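A.B. asks: Quick mapping for you: the protein sequence lines, in order, are chains A and B. Numbering follows our numbering, in which position 240 of the first sequence is assigned residue number 240; successive positions increment by one, without gaps. Numbering follows our numbering, in which position 158 of the second sequence is assigned residue number 158; successive positions increment by one, without gaps.
Keep in mind the hints are simulated off the structure, nothing from the lab. Everything numeric in this text was worked out from a predicted model, so none of it was measured. No residue lacks a Cβ here, since even glycine has one placed at the ideal position from N, Cα and C. A few of these clues could be false.
[To be verified] Only pairs whose alpha carbons sit at most 25 Å apart, straight line, appear in this in silico DSS-like list of lysine-lysine: (1) B:Lys122 with A:Lys92; (2) B:Lys444 with A:Lys58; (3) A:Lys58 with A:Lys197; (4) B:Lys477 with A:Lys462; (5) B:Lys477 with A:Lys405; (6) A:Lys197 with A:Lys135; (7) A:Lys234 with A:Lys405; (8) B:Lys498 with B:Lys232; (9) A:Lys478 with B:Lys464; (10) A:Lys402 with A:Lys319; (11) A:Lys92 with A:Lys154; (12) B:Lys122 with A:Lys254; (13) B:Lys477 with A:Lys478; (14) B:Lys122 with A:Lys446.
[Unchecked claim] Footprint (simulated), chain B over chain A, 3 or more residues, beta carbon under 8 Å: (15) 28-39; (16) 246-253; (17) 460-473; (18) 476-483.
[Unchecked claim] One side only, chain B facing chain A, incomplete, derived with CB under 7 Å: (19) Phe119; (20) Pro182; (21) Pro187; (22) Asn216; (23) Gly343; (24) Arg346; (25) Arg347; (26) Gly436; (27) Arg467; (28) Arg483.
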Amino acid sequence: MSTVHTYPHVSPEEAASHIFHGATVAFSGFTNAGAAKVVPRAIAERAKALHDREEPFKIRVLTGASSGTSIDEPLAQQNAMSYRAPYQSGPKLRSQINNQEVEYVDMHLSHLPQTVLAGFHGNIDFAVIEASELKSDGRVYLTSSIGASPAYLKYADKVIIEVNHYHSQRLREMTDIFMLPPPPHRFPVPFHDPLTKLGYPYAVVDPRKVIAVIENDESDKIPQFADGDERGDKIAEHVVRFLLDEMLAGRIPKEFLPLQSGVGNVGNGVMAALARNPYIPPFSMYSEVFQDSLVDLMESGRLTAASTTSLTLTPEVLKRIYDNMDFFAPRIVLRPQELSNHPGVIRRLGVISINTALEVDIYGNVNSSHVFGTDIMNGIGGSGEFTRNAYISIFMCPSIAKGGKISSIVPMCPHIDNNEHSVQIIVTDQGLADLRGLGPMQRAEKIIENCAHPAYREYLWKYIETARTGHIPHDLEKCFELHLNLMETGSMLPDLDLNEIAGV
Amino acid sequence: MYAGTFPIITAEEAAAHINNGAMVALSGFASAGTAKAVPRAIARRARDFHQAGKPFKIRLLTGSSSGNNIDEELAQAEALSWRAPFQSAPTLRAQINSQQVQYLDMHLSHAPQTLLAGFFGKLDFAIVEATEVTRDGRVYLTTSIGSSPTYLRYADRIFIEINNYHSRRLPEMADITILAPPPRLNPIPIHDPLTKIGFPYARVDPRKIVGIIETNEPDEIKRFTPADWRSKRIADHVVRFLFGEMITGHIPREFLPLQAGVGNLSNSVVAALGSNPYIPPFRMFTVVYQDSMVDLMEQGKLLAASVTSLSLTPEVLRRVCSNMDFFGPRTVLRPQEVSNDAGIARRLGVIAINPAIEVDIYGNVNSSHVFGTDIVNGIGGSGEFTRNSYLSIIMCPSTLLGGRISSIVPMSPHIDSNEHSVQVVVTEQGLADLRGIGPMQRAKRIIDNCAHPAYRDYLNNYIKESRMGHIRHNLRKAYELHRNFIEHGAMLPGLNLKEIGERL
Numbered sequence: 001m002s003t004v005h006t007y008p009h010v011s012p013e014e015a016a017s018h019i020f021h022g023a024t025v026a027f028s029g030f031t032n033a034g035a036a037k038v039v040p041r042a043i044a045e046r047a048k049a050l051h052d053r054e055e056p057f058k059i060r061v062l063t064g065a066s067s068g069t070s071i072d073e074p075l076a077q078q079n080a081m082s083y084r085a086p087y088q089s090g091p092k093l094r095s096q097i098n099n100q101e102v103e104y105v106d107m108h109l110s111h112l113p114q115t116v117l118a119g120f121h122g123n124i125d126f127a128v129i130e131a132s133e134l135k136s137d138g139r140v141y142l143t144s145s146i147g148a149s150p151a152y153l154k155y156a157d158k159v160i161i162e163v164n165h166y167h168s169q170r171l172r173e174m175t176d177i178f179m180l181p182p183p184p185h186r187f188p189v190p191f192h193d194p195l196t197k198l199g200y201p202y203a204v205v206d207p208r209k210v211i212a213v214i215e216n217d218e219s220d221k222i223p224q225f226a227d228g229d230e231r232g233d234k235i236a237e238h239v240v241r242f243l244l245d246e247m248l249a250g251r252i253p254k255e256f257l258p259l260q261s262g263v264g265n266v267g268n269g270v271m272a273a274l275a276r277n278p279y280i281p282p283f284s285m286y287s288e289v290f291q292d293s294l295v296d297l298m299e300s301g302r303l304t305a306a307s308t309t310s311l312t313l314t315p316e317v318l319k320r321i322y323d324n325m326d327f328f329a330p331r332i333v334l335r336p337q338e339l340s341n342h343p344g345v346i347r348r349l350g351v352i353s354i355n356t357a358l359e360v361d362i363y364g365n366v367n368s369s370h371v372f373g374t375d376i377m378n379g380i381g382g383s384g385e386f387t388r389n390a391y392i393s394i395f396m397c398p399s400i401a402k403g404g405k406i407s408s409i410v411p412m413c414p415h416i417d418n419n420e421h422s423v424q425i426i427v428t429d430q431g432l433a434d435l436r437g438l439g440p441m442q443r444a445e446k447i448i449e450n451c452a453h454p455a456y457r458e459y460l461w462k463y464i465e466t467a468r469t470g471h472i473p474h475d476l477e478k479c480f481e482l483h484l485n486l487m488e489t490g491s492m493l494p495d496l497d498l499n500e501i502a503g504v
Numbered sequence: 001m002y003a004g005t006f007p008i009i010t011a012e013e014a015a016a017h018i019n020n021g022a023m024v025a026l027s028g029f030a031s032a033g034t035a036k037a038v039p040r041a042i043a044r045r046a047r048d049f050h051q052a053g054k055p056f057k058i059r060l061l062t063g064s065s066s067g068n069n070i071d072e073e074l075a076q077a078e079a080l081s082w083r084a085p086f087q088s089a090p091t092l093r094a095q096i097n098s099q100q101v102q103y104l105d106m107h108l109s110h111a112p113q114t115l116l117a118g119f120f121g122k123l124d125f126a127i128v129e130a131t132e133v134t135r136d137g138r139v140y141l142t143t144s145i146g147s148s149p150t151y152l153r154y155a156d157r158i159f160i161e162i163n164n165y166h167s168r169r170l171p172e173m174a175d176i177t178i179l180a181p182p183p184r185l186n187p188i189p190i191h192d193p194l195t196k197i198g199f200p201y202a203r204v205d206p207r208k209i210v211g212i213i214e215t216n217e218p219d220e221i222k223r224f225t226p227a228d229w230r231s232k233r234i235a236d237h238v239v240r241f242l243f244g245e246m247i248t249g250h251i252p253r254e255f256l257p258l259q260a261g262v263g264n265l266s267n268s269v270v271a272a273l274g275s276n277p278y279i280p281p282f283r284m285f286t287v288v289y290q291d292s293m294v295d296l297m298e299q300g301k302l303l304a305a306s307v308t309s310l311s312l313t314p315e316v317l318r319r320v321c322s323n324m325d326f327f328g329p330r331t332v333l334r335p336q337e338v339s340n341d342a343g344i345a346r347r348l349g350v351i352a353i354n355p356a357i358e359v360d361i362y363g364n365v366n367s368s369h370v371f372g373t374d375i376v377n378g379i380g381g382s383g384e385f386t387r388n389s390y391l392s393i394i395m396c397p398s399t400l401l402g403g404r405i406s407s408i409v410p411m412s413p414h415i416d417s418n419e420h421s422v423q424v425v426v427t428e429q430g431l432a433d434l435r436g437i438g439p440m441q442r443a444k445r446i447i448d449n450c451a452h453p454a455y456r457d458y459l460n461n462y463i464k465e466s467r468m469g470h471i472r473h474n475l476r477k478a479y480e481l482h483r484n485f486i487e488h489g490a491m492l493p494g495l496n497l498k499e500i501g502e503r504l
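Turn these sequences into a full structure, and let the hints guide you.
C.D. replies: As structure tokens, then:
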């Protein structure tokens, strides 16, 4: 690390001491991958010390996407945040948001660099960015995620770099960093393939802005996904069969189309099932997160290429990649989130998007973020930009939750992240509803008959029968009856015999 | 050119080919360039069949709305069973809302791609208006491009209406290309609203042409009513806001391309921008070329326009066509797949200005369904532009029907563009800039700046009595205003409407 000697090397505490009450701080990290680690902890400790002395200390926090364990939780535990964008996933922070203690802006992720550039989040006082190397001329080699770090490095007043020696120096072989100029003089993003590169392996910072460099050797804190369950397996089965049929009908070319898959167990299960099926050809991904299951698929030759903005991998799996860079580096591109989630590229490549929903209404509107329309889970993340611009958009959820107390198919969603105009396919463990080319009533029939749990079908049909007629029948008095029942009695239909449901 | 090559037939002879259950695609976008004689003959044929007690209904595609020319006549003859992707005719609207016609309300740029991919099934006939068709199958379209190039390629059998009313110089504006199916390799190389990448004509396999029908008839385009005081005030707010954005550097000095929805309100905003001496001459990357834009172009205020239709009243269209040397190089007519392309709108940094039926206090917009049930027209291009623009603006008057309806409501019962994509809301009361702020902060701005004063207490109370959460809602009362209106004819029956009148 002979190149970092020109910068002030300090302790995390010293770095944190620069951060003042009310500051806007942008951290690296898209999921916990590539997240700043030691400085957020030091800021949390600083908050605790100041709060103990009854001095106010809250900061405004930006990241690439969620960075629960590394950033959100330590800061939330110390009540150190007043504002958060564009995504989060920490339990403590979640409850602070839902109590209106923290202002949270739940955003389309590709918008972030553009809105930062335009100044909509205010002045960025500090950027705290994890790197594998910082050159004296200001080249910053990022680690396991790119996210919005290049924009933060450019627009922050002052920059703190965490040089993390845990990460492979060869990560830069996957990295392709380019910042889109402001409109209107933008050229088309010249991606022809998930693997096209057009930029540089490093981000750039004005070296005079770097006020502190901290060294550490910590791995990303990526939790293991739980094993799939039976409902997840059934969902995966429906998706695979559908995509096969689409290929046979000629609506998906024989070479297949690039896939995007949301973060989580169900998405993971679908990818694994697609890969297991011998009739699905080897495929590529244009997605935002590269997860554990994809590493196996790439090694087995089923996944030929992946474009992503983060390597969200458990330490053991990440190590497998680091140990075999000759194989993985030419097959993976790590991009800024503005490009990994770019609407134009998604549309052009004809991405098949596969995302999970909290609930879906009978007309195909999807709630991805707010339980009861009020309580944030995580956020919309990339699901909106991929669903809206995909060639085929698929949403998945189990038909029921909590042993049947909750139906994921409801008359009306109390929050809509993706609407009926953009959602094409709904899948539950019960089956799949292909909504393309259908009007609202025809969609409702498919969703109720194919996707809703049988125990809830009668209720949903009755809802339509007693609703006000129209292009989309609704009863504005009863549309949230299931949600209200759940809030008040703990069950959407309190009279249902849950024992009977269990087997279906 | 076509004489002697293709049979010249009457509209009745053409209609005689079309049978019950056929899928028929017509040229036409926003009533411009619509096929005219054959659809009317189909309506007569339907009536004859129905009188003879025989069934006759067709499935109908167009570019977008075709108003009285097609939709109204076919609907009155009860000749439609299925309709996509947009409509705006009163009788058809009523049939859709009483579930007699299945209506698929789509993002307009999706229509050609969805058809080409086979999601709608087989297309039996296309009836396309042209100024000329050549022996080798070049079809020169008239005042709109819409989806006609795709319909010509995909339909089994074709009728061409040669409309001698239209200028033969219209093709000078046309730039026609059909995007390759995904994963298509090349970015759409449009760097500016005026970039041309295709041909002045669409192509058809000449063997598919069943016959040519000669007509001589102008498009039926309604004149806009003069702006009322509310539209003027809304326009004032928008102009002042955009000027402020330019001063603060959020919009470059050369300005950004504008998109504006169809209708009186959008028309008056564009006119107000054009007449303001501090707004520089600008370009438009939009869907429909409307009357007001012709004045602005002549005055040098509108430098360039990319559209898919010239929806101009006959006198104004004559002004354009008789001065083609001036207008031709400044206007490009594109297929709707390109005029509304997600990637180009994002790349050029379009400022999207669209009207709404209602907006909820958190910024979710209903553009299409009154009470969530009754279709008005459809989402049209508003979703794709709002979602992908650099700056998205949604406008509506704060009240309707003399104060009986508030356009600002607790929860929208149908959501076309959601809080994640809507950035600025404007009513005659004022403007709410929602960028970079959380839901409760958005609610405060929308209520204080945009809601009519007579409704502010109600809206603030709604929040107060709501369940705590990231987005506060009371699912029991979320639609109280809508239900009041359905039952009592006023959202707040106790309001003194006279007082509202005075306060305005």
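A.B. asks: I'd like to know which numbered hints this structure contradicts. Please list them from smallest to largest.
C.D. replies: Structure breaks hints 1, 3, 10, 11, 15 and 22.
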